[in-house]
Amino acid sequence: MKVRFWGVRGSIPVPGQATSRYGGNTSCVEVRPRGDAPIIIDAGTGLRRLGKSLMEEAFGDGRGHASVLISHTHWDHVQGLPFFSPLYREGNRVDIFARQRDQHLASVFSQQHNLPYFPVPMSAMKADVHFHELLEGARFDIGRAKIACTRLNHPWIAIAYRVDVDGAAVVYCADTAPFTDILFGREFMVTPPALDQPLPADVVAELDRMRASVIALARGADLLIYDTHFTLEEYRLRPHWGHSHPDDAIAIARDAGVARLCLFHHAPMRSDDDNDRILARYREVVRAQGDRFELLSAYEGLELVLGDA
Amino acid sequence: MKIRFWGVRGSIPAPGPDTIRYGGNTSCVSVHTRDGRLVIVDMGTGLMHLGNALMAGAFGKGAGRATILLSHSHWDHIQGLGFFTPVFVGGNQFTVFGPGGSPEVLEEILEGQMDPNFSPLQSLKNFSASFDVRAIQPGEPFEAEGLRITAREHPHGTTTAFAFRIEEAGRVFVYASDVGQPTADAAPSPEAIAFYRGADVLLHDTTYRPEDQATRRNRGFSSYEDAAAAAVAAEAKRLVMFHYDQDYTDDDVDALCASCRAALDRRGGRSIELVPAREGEELEI
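Going line by line, the protein sequences match chains F and H.
Note that the first sequence covers residues 1 to 309 in my numbering.
Note that the second sequence covers residues 1 to 285 in my numbering.
Please keep in mind that the hints were generated in silico from the structure rather than gathered at the bench.
Glycine residues also receive a C-beta, built at the ideal position from the N, C-alpha and C atoms.
A couple of the hints might just be wrong.
[Said to hold, decoys possible] Listed below are several chain F residues computed to face chain H (Cβ distance under 10 Å; list not exhaustive): (1) Arg9; (2) Gln103; (3) Ala106; (4) Pro116; (5) His130; (6) Phe131; (7) His154; (8) Arg186; (9) Gly307.
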């Protein structure tokens with residue numbers, strides 16, 4: 001399979017000189033099983049350029065089929081959908097998978113496409129669009145690919161995905177906080193809680209269970225893409241935002257025995273030079289700790305070939 | 001008045017190496033009055049960067065106030081709001097004037113962006129600053145930050161967008177983004193031209209080349225020909241090009257600017273100064 005990064009940024013797109021090397025588009029990763037239709041993970045603004053590229057293939061003739069796995073519906077993970085050209089071509093099929101919400105997914109997603117926010121309603125899109133609601137721990141197939149998912153620790157709840165195909169596995173863990181300080185659900189936190197206070201036993205047990213499930217999902221993966229929005233220092237100031245940092249990602253990668261860890265979901269104000277420094281610093285950490293995985297930092301256009309190409 | 005461009009792009013932010021010179025952020029313009037008061041026009045992603053800059057001054061201490069004018073509520077004109085740091089500082093005061101017809105409807109529109117399915121903020125109520133929402137009554141001038149402001153509703157595809165005429169001591173800045181005539185043979189009304197009349201700066205939608213506009217007429221945007229015609233008819237002193245299509249590269253915008261210059265000259269607007277809006281640039285009136 002091939003894995004290509006189209007958007008690597010968190011929260012909000014950030015155009016400009018300071019982000020031109022890593023890229024300013026929000027989250028979107030393309031997983032392409034050999035000879036098969038694309039499996040797209042998340043639909044941030046990176047999806048727009050992926051869509052234009054797909055229109056050069058079967059999608060341009062209305063014969064394309066894409067599956068889109070959504071980690072959660074925060075803007076930076078869905079805001080590219082209205083600009084995904086294959087949706088506007090009759091004959092294309094797009095399957096959208098996301099965690100079950102209180103409302104039907106079609107109703108959730110259509111809000112983004114409706115007036116007064118956007119001029120073209122989802123109902124006017126010519127492609128054949130299907131929504132698939134996922135429950136906790138769902139397992140299913142897309143073509144030859146085996147998909148598994150598990151819950152992450154993020155406000156309003158996100159899910160991680162594992163895609164197994166062509167003798168390789170890629171795991172996408174965004175967005176998530178570490179499983180140590182806060183158990184995220186639906187409540188809004190105005191101010192961060194104190195990080196040195198002991199947590200109730202049931203919260204600790206739930207966080208431990210979630211972490212163990214993420215480790216199990218990522219076990220032996222060829223590539224683990226992980227939310228490292230923050231540095232450790234930044235995380236300590238904003239633990240209630242629901243994002244992680246490289247130290248936590250490295251611990252997960254080590255426990256899961258992955259071959260490669262890719263830092264992902266860079267904070268919007270993180271410059272290219274900042275990202276270079278973070279990568280260099282943590283490559284040193286990984287080397288000093290004797291970890292055997294390769295450490296990467298995601299940038300737009302990064303393409304990895306895994307398993308049987 | 002000092003006018004500064006924080007986002008000049010249309011529809012969706014367009015990061016990438018080929019949008020660095022003009023910028024890829026969506027619509028946001030700041031207007032500082034002679035005595036330093038602030039009016040913000042539109043809340044695209046450029047608003048985040050304006051907010052970060054404002055935090056160095058009174059807004060960082062919770063002592064800032066500004067008026068925000070909202071042309072319409074398409075994503076590219078509101079998507080910066082949740083990332084505008086000054087709204088998270090208690091003591092700051094914002095008044096938003098926008099569409100919807102009533103404060104309740106406009107608040108519901110802005111609240112929709114913060115829906116917990118989509119935004120971790122979950123609600124406008126989680127802003128720490130005061131955030132007063134008011135509906136614009138088109139044609140009725142009002143005062144804000146010492147400026148006289150008039151709004152006019154213009155056709156914009158399936159909806160309408162407000163243009164704003166902002167006046168300070170006889171100096172006039174007109175903001176007319178997201179305007180497009182429904183058919184190729186339609187022209188701006190005499191009332192629209194009168195609204196632009198004599199502007200020291202006319203910022204006008206120049207989303208498209210005429211050939212791209214022809215295939216996307218229903219989207220409700222202008223070409224540089226429309227902008228040049230409006231500037232000449234209204235005898236504007238300066239024309240600012242704005243709201244570039246997300247697919248246009250910096251080189252495309254250079255070409256758009258050269259074509260717009262030629263259109264102005266051909267239409268009798270040789271004396272009109274042409275300024276292509278660029279992120280970070282400032283104009284003084």
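Exercise for the section: For the hint on F:His154, just tell me whether its beta-carbon gets within less than 10 Å of chain H. Expected result: Nearest chain H Cβ about 9 Å off; hint holds.
Problem - Satisfaction of the F:Pro116 interface hint, Cβ to chain H closer than 10 Å - result: For F:Pro116, the interface hint holds, since the closest Cβ of chain H sits about 4 Å away, which is under 10 Å.
Handout entry: Per-residue hint verdict: F:His130, partner chain H, C-beta under 10 Å
Key = violated (19 Å)
Problem - Agreement of hint F:Gln103 with chain H interface, Cβ distance less than 10 Å - result: Since chain H brings a Cβ to about 8 Å from F:Gln103, closer than 10 Å, the hint holds.
Handout entry: When the least beta-carbon distance from F:Ala106 to chain H is tested against 10 Å, hint result
Key = Interface hint status for F:Ala106: violated (13 Å vs cutoff 10 Å).
Practice task
Hold the hint about F:Arg186 up to the distance rule: shortest CB distance to chain H must be less than 10 Å.
Solution key: holds (7 Å)
Problem - Hint check: 10 Å Cβ-Cβ cutoff, F:Gly307 to chain H - result: violated (30 Å)
Practice task
Closer than 10 Å between Cβ atoms is the bar; does F:Phe131 clear it against chain H? Give me holds or violated.
Solution key: violated (14 Å)
Problem - Supplied contact hint for F:Arg9, tested at 10 Å Cβ to chain H - result: holds (8 Å)
The structure does not agree with the numbered hints 3, 5, 6 and 9 stated previously, though it agrees with the rest.
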